[in-house]
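One letter stands for each residue in the lines below.
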Amino acid sequence: MKLKLFILSLTIVVLAGIIYFEFNHLPGDSYSKQKSPLINTKLPDFKFNLYNQKDTNNIYNLKADKTIIHFWASWCHVCTSEFSAIINYAKKNPTVNILAIAIDSEQGPLDKYLKTLKNINSAKNLMLIWDQDRSISLDLFNSNIVPETYIINKNNEITAKIVGKIDWDNDI
Amino acid sequence: MLLLVAGTIVEQQHGLYYAQQTYFSVYFFLLFGVIPLPGTYTILSAIFISLLCKLLLDKWQTSNLGSLVTHISGLLLLIGGFLTAHFSHEGYMAIAENASSNYISDYHDLELVVTSKQSDKLQNDITIIFDNNQIKLNNILNDKLLPFNIKIAHYCKHCELKNNHLIKLPKPKDNEQPETIIGISILNNSMTLNQEIIYLKHDDKQPYPITLASSGNNKVFYVQLRNKVTLLPFSITLNKFQQTLHPGTNVAKEYQSEVTLTTDSNQSNSNWHGVISMNQPLRYKGYTFYQASFYKQDNQNITVLAAVYNVGQSFPYIASIILCIGLLIHLMQKIPRLIKRSTQSAIASLLIVFTTLLLSIPNNNSCYANSIDSKLDYATLSTLPVLHDGRIKPLDSFARIILKSIANKESINNKSASEWLLDLLFNPKEDYNNSIFYVNNPELNYILDIEKKPKPYYSFKELLPGIKKNINLISKLETKSADKTNQFTPAETQLLNLYHSILTYFDLSRAFSLLLPQFDTEQLKAAIDFKTHNNQKFISYYQLLPYNTIISNKVLKILNNKDVSSLKFNNLSHNNQVILTIADQFKNIQTDKININLKIIPNDPYINLENNNWLAPWEVITTGNGTPNSANYLNLLQNLTYAYYSQETSLWNANSRNLNNLAVKLTIQSSKNTLAATTLPCQLVTEYYYNKLSPLTKATFFYILSLLLSFFIAARYGYTTSNVYSKSQKRIKKIASILFISGFICHLIGIIMRVIILQRPPVANLYESILFVGLITALLSFMIEFYRKDNLGVILGSLICTVLQIIANSYAQTGDSLVILVAVLNNNFWLGTHVLAITSGYGCCLILSALSHIYLLKLSLNNKSEQLLKYILAFGLLSLFLTLVGTILGGIWADQSWGRFWGWDPKENGALLICLWLIAILHGRISNHLSNLIFVSLAAITSITVALAWFGVNLLNTGLHSYGFTEHIATNLLLFITLELILIVGLAVICSKTNKKFIKN
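Protein sequence lines correspond, in order, to chains L and S.
Sequential numbering from 558 applies to the first sequence in my numbering.
Sequential numbering from 155 applies to the second sequence in my numbering.
So that you can see chain L by itself, here it is in the shape it has in the complex (with noise of 0.2 Å):
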């Protein structure tokens, strides 16, 4: 009789504290971990000449705290409409280190057009490249569409890619 009376109040006790137990719950048993941070993959490294330029140098000897890699051809009429605005750009942000890589394959026409732009030079981290052969641009980026921008921070590590236009002023 003892043990059944000890039983049943253990019972009624467990019960009683369930219940209280039930409505004094406070949130913060639920947070669930947060979204792991974005994985940047590794630029690889290429060498390259600036346009009429012959001595080579290496991607990764330029260090800047951002690298902007812009594909584009002077056939290409949404990369010239918005040339000018990357210059600006460079103009603008004297420490990144803007590579404008031209995937023509001609270059009469690609002279021609950079007859066009007087304040080419006017920036220094501006450089300009002439990727011919697309060794860079298609066998090193698979870019086959111009334009594209490919954003590098300083560790040498690809951040984002853009396709299509952009604008130079607020999207960077």
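Because the hints were derived from the structure by calculation, they are not lab data.
A couple of the hints might just be wrong.
Claimed, not checked - Distance condition first, Cα-Cα at most 27 Å in a straight line; then the derived DSSO-like pairs of lysine-lysine:
#1 K611(L) x K685(S)
#2 K622(S) x K609(S)
#3 K675(L) x K599(L)
#4 K711(L) x K681(L)
#5 K669(L) x K722(S)
#6 K711(S) x K672(L)
#7 K563(S) x K583(S)
#8 K679(S) x K722(S)
#9 K669(L) x K711(S)
#10 K819(S) x K711(L)
#11 K620(L) x K711(L)
#12 K708(S) x K669(L)
#13 K685(S) x K604(L)
Got chain L; can you put chain S on it based on the hints?
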């Protein structure tokens, strides 16, 4: 129990809520409107009282401690259920992003709200609420504060309003809210109508204004019909809503709402941030919020949270723990200590089994063993990850699925599926001539105008003219098939399927066309200034791509020639002819860019592709989604193509290894930026070996062999329990049991592999649950065999497993048996454990039933076996334990995911049915109400309850357990039940006739 069955069937017809209201949540209901029957509440109360009596009146001894504890837990469960039924309420809360809400709306109950905004501030606003019970036809609602009465003139549960007439709509589906409309008329105090009828819809956002002109100044009242609202002592703000899909599909993988909870009391104003996701609710002050669903409105995500206020929430948890303890104690006390025997023989047999297995593995590898040196090695590429149907799988699985849909088998012309696929990808032109399409229908042969062959396989080239001829018919069928109600003749279905296979096949055959050698290098060198680094004779589209503009410029130059006569192709110079041909070829290949079914290139984290999709080779260069990683990938593929055509084995092998490594690296990288679990290389390799070894097929094979051998023994020597055997008998028996154990081990390995591949418990759909039940029965019968050593276990196990494997195979026929899951069913601890427990319970029940059959069979042959009866009892207890635990764990999972412990869902009812059945027969046996014979017969019928709960429930097609809804099994099920009933009743009758004395005992 009858109630349960009836209620479940009604659920199918009238929807969940209706059935709950009429059968489960009432004290009494009327059958056919006449016969009063007790409802669930009454029955549960009766059970409660009887349980209480038992506990109070029983002797409290240690010997029946187990059963006492078990019954206490039952009591607790019922108390919890009572509290939940009477004091809890549930509803939903819909919040748009960046908005907040502080009330929950009920799902079913409505209320009529009358408010008035006073112009002068002396008087307070009036809000009067009439609740669900008052809203009835012809009821007159009044309140002291209101200067008028409201009469409900019309009331319709699910209607549409057209020209001031209510039109009844068809019955709402299960999860649809009925469109309730009421018509009210306003009466003044002298009870005369003074206004027209106003129609209110329950989901009207704006309240309806009523202007009363009687008392001088115009007072405006607003009436609104809405879902009953409960105010909360706090408010919730939705900060962000997120939805993750399985890659490349529209199947949801996860929903997630980030919320802020604000308490607005006088003393303090505090905020909490929390995340509510599937299976991860937010609990506060007795309220629990669950992610229920979401919808989009005006480009805004609106999350729907289910809210439950539940008093008895922890009761099930406590009760289930006590129940488990109790049943365990009971099991330990009651199950007879079965015979201990030396384990030596078991170990010896295990060793033999392992050697046989080891011997069987090289058999499968032999075709590769000698081929590596002489031919290109395709094995490395077989594990290349491909995204298909929302899951990342090895190329081998992908190839098998495709080949199965085309050729109706998994290997063709002595090639494995992956060999076939790789040959198709790299050398499509040759494969177009291979007979691989399975067409075995004379009618179809006639339609497609192809000759009948002894082997019904046709090549792409043979089929193409027929398909082209019938393209109008096919497109007609195609539009017809959009509406699922349309019926097709077998030939029509086969034609459509064939058409789809041909499309897939062609798509795949052109997937690598940008990499295949097409352009003559010598010609290119002459025509355009083409430079090449290696000495390839032909180059691909991809390699020619840099010269794209040069070619088009040259073509323009040719076309701009003003001399019209020179534009004729034959008049052009050879060089120009070559250029035009190349340009034409170039353009032609470019049309292949639509072939993007082979999603083989993992995406990069910084490219936001829709649904985390992967890329096909063509997509990379035509959609602007190329990256340095995809460039690497394509370059390796290009090298592979070169190696394929030049048959350079070392180059091929090196590149395929590199490609595989790169793909695995990219796969891991691409899945890191999603909430999804990573697909690891070990999973891909496991899946490859799973496909190759097909352990489950082997298991079936072993089971069947063992079954045949056991039958042979039984037929040859007769079945005896005695252990006196001749040497040859013993030897055959040993072989049978070894075969059985081999089957079991294959089975086990297969299921373990599936777990590794899919990273979830192996019981997520009907197919998998059948496999798992098979495994459990095999295990249990292995144990029986281990203790008894009279071949009973082998017969039992191999019989049940063979049958189950055959049933499972019939479910696995369509495509990939390894499939992804919808969000609710995704990995969760409680889900996993409850389904495992339940399915183990099913397995146990099957053994119980089979044992009972054997007992009856022996009895009818005048050969009773007391020992067998003990086994039946023991298995009865064990299966009760497993199913009960499973059911309660399921309840806990339901509580975690949907916010209610028990919802009278068909599947839940099914599980409960088994539990109740087992409880009933066991109690009947213990209390001596049932004789042995009847008990055993009833135990044999357990198989029917299992079949009902397992398969039968799927026929009803309602409820939340959204796996394995199947068709066409109704007849099979019915057949099974009738046969089973006839068999058992027949056996029981024979037994009672031949052994009348036994019944009296």
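Quiz item: CA of K563(S) to CA of K583(S), is that 27 Å or under?
Solution: The hint holds at about 22 Å.
Self-check item: Distance restraint between K711(S) and K672(L), which requires alpha-carbon spacing of 27 Å or less
Solution: holds (24 Å)
Practice problem: Below or equal to 27 Å on CA atoms is what counts here, so check K685(S) against K604(L). | Solution: Measuring from Cα to Cα gives roughly 20 Å; hence the hint holds.
Quiz item: Taking only the CA atoms, is the gap from K708(S) to K669(L) under or equal to 27 Å?
Solution: holds (19 Å)
Exercise. Decide if the proposed pair is consistent with the structure: K819(S) and K711(L), CA atoms, cutoff 27 Å inclusive.
Key: holds (23 Å)
Quiz item: Hey, K711(L) versus K681(L), does the alpha-carbon distance stay inside 27 Å?
Solution: Cα-Cα ~18 Å, so holds.
Quiz item: CA of K620(L) to CA of K711(L), is that 27 Å or under?
Solution: Holds - the C-alpha atoms of K711(L) and K620(L) are around 7 Å apart, at most 27 Å.
Quiz item: Holds or violated: K611(L) with K685(S), Cα cutoff 27 Å?
Solution: holds (21 Å)
Quiz item: Does the structure keep K679(S) and K722(S) at a Cα separation of 27 Å or less?
Solution: The hint holds at about 24 Å.
Quiz item: Are the Cα positions of K669(L) and K711(S) separated by 27 Å at most?
Solution: holds (19 Å)
Quiz item: Does K622(S) pair with K609(S) here, judged by a C-alpha cut-off of 27 Å?
Solution: Status holds; Cα separation ~23 Å.
Self-check item: Restraint check for K669(L) with K722(S), where alpha carbons must lie at most 27 Å apart
Solution: Given that 27 Å is the threshold and the Cα spacing comes to 33 Å, the pair is violated.
Taken one by one, the earlier hints fail for this structure at numbers 3 and 5, listed in ascending order.
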